[in-house]
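Undergrad: Sequence:
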Amino acid sequence: MTADKHAKRAARRLAEREGISYTAARRRLADQAGAQSRPVAAEPPQLVPIVRVLCPDGCDGSAHPGAVCRFWTPEDAKGVPYEVRESAELPTGRAYQVAVRYESQSSVAFPDRWLLALVYAMLADQEPEVRPDRAALRAAVESGDQGEVDAAMEPLDRAAARLLTKEPDHWWGVVKPRLDAYVDAVEADDHDRWPAWQEIDYRIRIGRLVDQWRRAWTKTRNWNGYYDAPGVLWLAPKGWLDALLVDRHGGHLGQVRLADGRPALVYAVEWGEAGPPVGYRVRELVPGEHGNVGRLVPKLGGDGERVAAADCRPLDEPA
Numbered sequence: 012m013t014a015d016k017h018a019k020r021a022a023r024r025l026a027e028r029e030g031i032s033y034t035a036a037r038r039r040l041a042d043q044a045g046a047q048s049r050p051v052a053a054e055p056p057q058l059v060p061i062v063r064v065l066c067p068d069g070c071d072g073s074a075h076p077g078a079v080c081r082f083w084t085p086e087d088a089k090g091v092p093y094e095v096r097e098s099a100e101l102p103t104g105r106a107y108q109v110a111v112r113y114e115s116q117s118s119v120a121f122p123d124r125w126l127l128a129l130v131y132a133m134l135a136d137q138e139p140e141v142r143p144d145r146a147a148l149r150a151a152v153e154s155g156d157q158g159e160v161d162a163a164m165e166p167l168d169r170a171a172a173r174l175l176t177k178e179p180d181h182w183w184g185v186v187k188p189r190l191d192a193y194v195d196a197v198e199a200d201d202h203d204r205w206p207a208w209q210e211i212d213y214r215i216r217i218g219r220l221v222d223q224w225r226r227a228w229t230k231t232r233n234w235n236g237y238y239d240a241p242g243v244l245w246l247a248p249k250g251w252l253d254a255l256l257v258d259r260h261g262g263h264l265g266q267v268r269l270a271d272g273r274p275a276l277v278y279a280v281e282w283g284e285a286g287p288p289v290g291y292r293v294r295e296l297v298p299g300e301h302g303n304v305g306r307l308v309p310k311l312g313g314d315g316e317r318v319a320a321a322d323c324r325p326l327d328e329p330a
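Numbering-wise (our numbering), the sequence shown opens with residue 12 and increments by one.
Note that these hints are calculated values from the structure, not bench results.
For clarity, every value in this text was computed on a predicted model and none was experimentally measured.
Cβ coordinates follow ideal geometry from the N, Cα and C atoms, glycine included.
No incorrect hints appear here.
Straight-line alpha carbon distances no greater than 27 angstroms define the calculated DSS-like cross-link-like pairs of lysine-lysine that follow:
#, residue 1, residue 2
1, Lys230, Lys177
2, Lys187, Lys177
3, Lys230, Lys187
4, Lys177, Lys310
Label-pair distances were calculated between CB atoms; the ranges are:
#, residue 1, residue 2, range
5, Asn233, Arg273, 41 to 49 angstroms
6, Pro56, Glu210, 14 to 22 angstroms
7, Phe121, Glu295, 25 to 33 angstroms
8, Asp68, Ile215, 19 to 27 angstroms
Work the whole structure out from these sequences, hints included.
TA: Have a look at this one:
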């Protein structure tokens, strides 16, 4: 017997015993269940003041006991275009601005920009060396130059571009398990040790991303009454980051000609620690056969082939 049938039977018995309506019985049982499951706080919440002036980097709160620190954030840069400030805000603001540059907001992939934000959060926690320097980021934001903000964020963007993939085996075997482990660690973490309210708010935003990750892999029923397959469009963020870094350092994103003369289509870009691309994942272009005769179309099957950057040139460039 399902839980709903148990509840209905209990409500009917209570209604007969107490001489009340079935609806009132259901409401009373629901109230009793809620009161039993509602956690009781050990002590009332405490209000903690926030300092009014910005704290210097490295402040541990000892200079203002009883109040939490307030460090500089991009929101404090008044007079700077909103897009510049948001692109410096981790993790969600940066992910949104990268997505909106290279993906139509009407695309089915655009809502899954939260996946890029989760990757940013994981890398910033696990690899502190790729997190932007606070002083350099502040100078970049206050300059109002989007290019300077992108330069300050580039180590993190590169780390995300190297981690993300368009190869199913790498996603299911490496990336997803790593994100699963990070999500488990976040849920088991204690948020009480963060000294600044911005850090607390940052952890709350990461918690929302963790919730989205959990929901993405849970089977849900859509408004048509059918179950949606769990998952997320994990291919899209890799394409956004490749486009961002190619804009900064050059490289190929469309059709190319390989060293042996074959035409191909760049499927994904491989990045090193700095500079232009070090390689490409490509699909060979072959003559169309089914409704696309006379056109070159990507060869289907497999994950393409990996070629060195030096072995690719623009398709229209003479040999």
